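Asker: Chain residues, written in single-letter form:
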Amino acid sequence: MNVYAPILVLLALGAAFAIFSVTLTSFTGPKRYNRAKRDAYECGIDPTPQPVGGGHFPVKYYLTAMLFIVFDIEIVFLYPWAVAFDKLALFGLIEMLIFIGTVLVVYAYVWRRRGLEWE
Amino acid sequence: MSGVLSASVVADTFTLPTIDYGALAPVLIVAAAAVIGVLVEAFAPRGARRPLQLVLVFGSLIAAFVAVVMHAGIRQLDGGGAVAIDGPGLVLQGAVLLISIVGAMLMAERMVDPAGDAFAARASTLPGSEDERQFSSRGFLQTEIWPLMLFAVTGMLLFPIANDLLLLFVALEVMSLPLYLLVGMARRRRLLSQEAALKYFILGSFSSAFFLFGSALLYGYSGSIKFGKIAEAIAGNPGQNMLILVGVGMVAVGLLFKIGAAPFHQWTPDVYQGAPTPVTAFMAAAVKVAAFGAILRVFYVIFGGLRWDWQPMLWVIAILTMLIGAIVAVTQTDVKRMLAYSSIAQAGFILLGVIAANPAGLRGAIFYLVAYAFTTLGTFAVVTLVRDSTGEATHLSKWAGLAKTSPLTATVFAIFLLSLAGIPLTSGFIGKFAVFTAAIEAGAMPLVIVALFASLIAAFVYGRVIVLMFFADPPADPPAVVVPSAFTTLAIAISVAVTVVLGIIPQPFLTLLEQAGVFIR
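Those protein sequence lines, which keep their order, are chains A and B.
Basically our numbering = 1-based index in the first sequence + 41.
Numbering follows our numbering, in which position 96 of the second sequence is assigned residue number 91; successive positions increment by one, without gaps.
Bear in mind the hints are in silico, worked out from the structure with no lab data behind them.
Treat the hints with care, since some could be wrong.
To be verified - Label-pair distances were calculated between CB atoms; the ranges are: (1) B:Asn236 <-> A:Arg154: 29 to 39 Å; (2) A:Leu54 <-> B:Gly512: 45 to 55 Å; (3) B:Leu193 <-> A:Ile110: 12 to 22 Å; (4) B:Asp383 <-> A:Leu119: 29 to 39 Å; (5) B:Arg117 <-> A:Asn75: 53 to 63 Å; (6) A:Leu54 <-> B:Gly231: 48 to 58 Å; (7) A:Phe61 <-> B:Gly512: 52 to 62 Å; (8) A:Ala53 <-> B:Asp383: 24 to 34 Å; (9) A:Leu119 <-> B:Ile452: 35 to 45 Å; (10) B:Asn236 <-> A:Phe140: 51 to 61 Å; (11) A:Asn75 <-> B:Ser200: 29 to 39 Å; (12) B:Arg117 <-> A:Ile141: 28 to 38 Å; (13) A:Leu157 <-> B:Ala110: 25 to 35 Å.
Unchecked claim - Below, simulated DMTMM-like cross-link-like pairs (lysine to aspartate or glutamate); rule was C-alpha separation at most 25 Å, straight line: (14) B:Lys393 <-> B:Asp468; (15) A:Lys128 <-> B:Asp15; (16) B:Lys393 <-> B:Asp383; (17) B:Lys194 <-> B:Glu127; (18) B:Lys194 <-> B:Asp15; (19) B:Lys221 <-> B:Asp304; (20) B:Lys221 <-> A:Glu136; (21) A:Lys128 <-> A:Glu115; (22) A:Lys128 <-> B:Asp304.
From a predicted model like this one, the values you see are computed outputs, not experimental measurements.
Glycine included, each C-beta is placed from N, C-alpha and C at the ideal position.
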């Protein structure tokens, strides 16, 4: 259990800091609300409009984000393979090709279903 | 410094895992069919997709089942100990495949809903919008459901044979993610369906996080993710340790969520009600089999030595699950919600087999699972047939006097309900008998008494529906019982056959389970 003591201390410190700063700012910070401040936060751009009673639910950002994650994770899995490339030998190469092949299938699907076109 | 040291130790002991692809054939066949299914979605013309997907789904599921049957008798660790192929694992895989075949039949049904099948023409359209109306009026069918289903089956096939914590987690996610999507794709009552999908997804992710955290603690305790190694570490260190106990608890939360055991059952009624009924049937049956397979393996193989620590925990959970499921089912007025609560109660009964922690308990639990799965497939299949102008007539008041308009449907539904209640000559009775005797053998008499009490309450619930169907007067606007295509008819026929045959001549299946033996360690 001793090995975990530093982690627990760090956890406690982190929690204490978060609670301390949130409480402090809620007492000391000035509160001047305007329309922009009350809007949902979307990276500084105007919140995407949602037409009432019809129209597409805008999922463009979501699609881009999903695609990014798919290929990002693919690269993440390539790293450990690249590090142990010599030890994994032919076995690793074939397994990795199969893995990249399945991600390619995803890519083909997204491409054919026009997921790569913005409009 | 220590990091460098351990890195060199790892480098010295590194051995390539050997994978016997033949032994993994069932999983690989289904996974490959799912990937080909995605390619079909990408390149095949719209009209050709459904027939191609159906050939892929049924072809791969049947081929995988043949592969499982051919593997009978294999007992080995594979993939460097990550996969355990043994008797119980193979039986569970075979059960998952048969259930999936019947489930796929229900999903393929196109005759009961005049608008098409049970799935939204395009799930991304806003419910009630012009786009949605256009897509459904043009008669589009959603065919992505088929690859999604096959991916889910891939996860379910890996789940009961996974022999290390990481693979178990991957299997859990491969099984769950497609199901979250399938739940949100109902053609009718779209908002309810989407709400169910979101609830299932958020709560499911939460339980996965619990599972992962627990796995990390078990790894921290034993230094390995392999089930066998963790069991050795536990056997080597008698006495209690917070790390291992918290780890066991958190892994258990993740797995118990999937079977809908109380207090992790809250998602079950909403999801079972909101999901398209064929998907409800498929997941209520197959997920339970796969997840209970994993629970049985984890508690028998890893935590066998800690029996005295986890048994009290599971006692509480089993009692809560049985009583909450049975008692809350009494108050339900929607047939899908009632069946959801009944499935919670059934999970509690099956937990008795896990708690027994002996070979008889293992056999009883697997028997019960198979019996329950086919009965459940049948009940939800019947639910898809009773319809009015808005879709399925799920309110129980609409089911009054069903025997007068459609005696055959009412009789079939009554057979399933009697099996769920555990009446002799049905599979449910043999299942209950098997787990109860195993639990008594393990000295869990008080638990069996609670289980009998819960069975009584549940029997009242099922009996009430039977009385309603046969002796009550039909409502002013009775629902119509539609005539389905061969798909649903065959699915219901198989379910009835399994329910009755396992109830009257259970011995062949019990013998098979006895030959299957216990989990490999």
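Asker: All hints are to be evaluated individually against the structure, with a verdict given for each.
Answerer: Right, here's what the structure says about each hint:
At about 51 Å, the beta-carbon gap between Asn236 of chain B and Arg154 of chain A misses the expected band of 29 to 39 Å. The hinted window of 45 to 55 Å between Leu54 of chain A and Gly512 of chain B holds, with their beta carbons roughly 52 Å apart. Take Leu193 of chain B and Ile110 of chain A: their Cβ atoms lie about 19 Å apart, and the range 12 to 22 Å holds. For Asp383 of chain B paired with Leu119 of chain A, a C-beta distance near 55 Å fails the hint of 29 to 39 Å.
A C-beta distance of roughly 40 Å is found between Arg117 of chain B and Asn75 of chain A, which places it outside the suggested range of 53 to 63 Å. The hinted window of 48 to 58 Å between Leu54 of chain A and Gly231 of chain B is violated, with their beta carbons roughly 35 Å apart. At roughly 59 Å, the beta-carbon separation of Phe61 of chain A and Gly512 of chain B lies within the given 52 to 62 Å, and the hint holds. One distance hint, 24 to 34 Å for the beta-carbon pair Ala53 of chain A and Asp383 of chain B, is violated here, with the actual separation near 59 Å.
Separated by about 56 Å at the C-beta atoms, Leu119 of chain A and Ile452 of chain B break the suggested range of 35 to 45 Å. Between Asn236 of chain B and Phe140 of chain A the CB atoms are about 37 Å apart, so this pair departs from the stated range of 51 to 61 Å. Separation of Asn75 of chain A from Ser200 of chain B is about 35 Å and conforms to the stated range, judged on CB atoms against 29 to 39 Å. In this structure, Arg117 of chain B and Ile141 of chain A meet the distance hint of 28 to 38 Å, their C-beta atoms being roughly 30 Å apart.
Under the hint 25 to 35 Å, the C-beta atoms of Leu157 of chain A and Ala110 of chain B, about 32 Å apart, fit the expected range. Taking the CA atoms of Lys393 of chain B and Asp468 of chain B, the gap is about 10 Å. The hint holds against a cut of 25 Å. Between the alpha carbons of Lys128 of chain A and Asp15 of chain B the distance comes to roughly 20 Å, so the proposed pair stays at or under 25 Å and holds. A distance of roughly 9 Å separates the Cα atoms of Lys393 of chain B and Asp383 of chain B; the hinted pair therefore holds under the 25 Å criterion.
For the hint linking Lys194 of chain B to Glu127 of chain B, the alpha-carbon distance of about 23 Å falls within 25 Å, and the restraint holds. Of the pairs offered as hints, the one joining Lys194 of chain B and Asp15 of chain B is violated, with about 39 Å between alpha carbons and a cut-off of 25 Å exceeded. Using a Cα cut-off of 25 Å, the hinted pair Lys221 of chain B and Asp304 of chain B holds, with the two alpha carbons roughly 21 Å apart. Our distance criterion of 25 Å between C-alpha atoms is met by Lys221 of chain B and Glu136 of chain A, whose separation comes to about 21 Å.
A distance of roughly 20 Å separates the Cα atoms of Lys128 of chain A and Glu115 of chain A; the hinted pair therefore holds under the 25 Å criterion. Proximity of Lys128 of chain A to Asp304 of chain B is assessed by CA-CA distance (about 42 Å); at most 25 Å being required, the pair is judged violated.
Checked against the numbered hints listed earlier, the structure breaks hints 1, 4, 5, 6, 8, 9, 10, 18 and 22; every other hint is satisfied.
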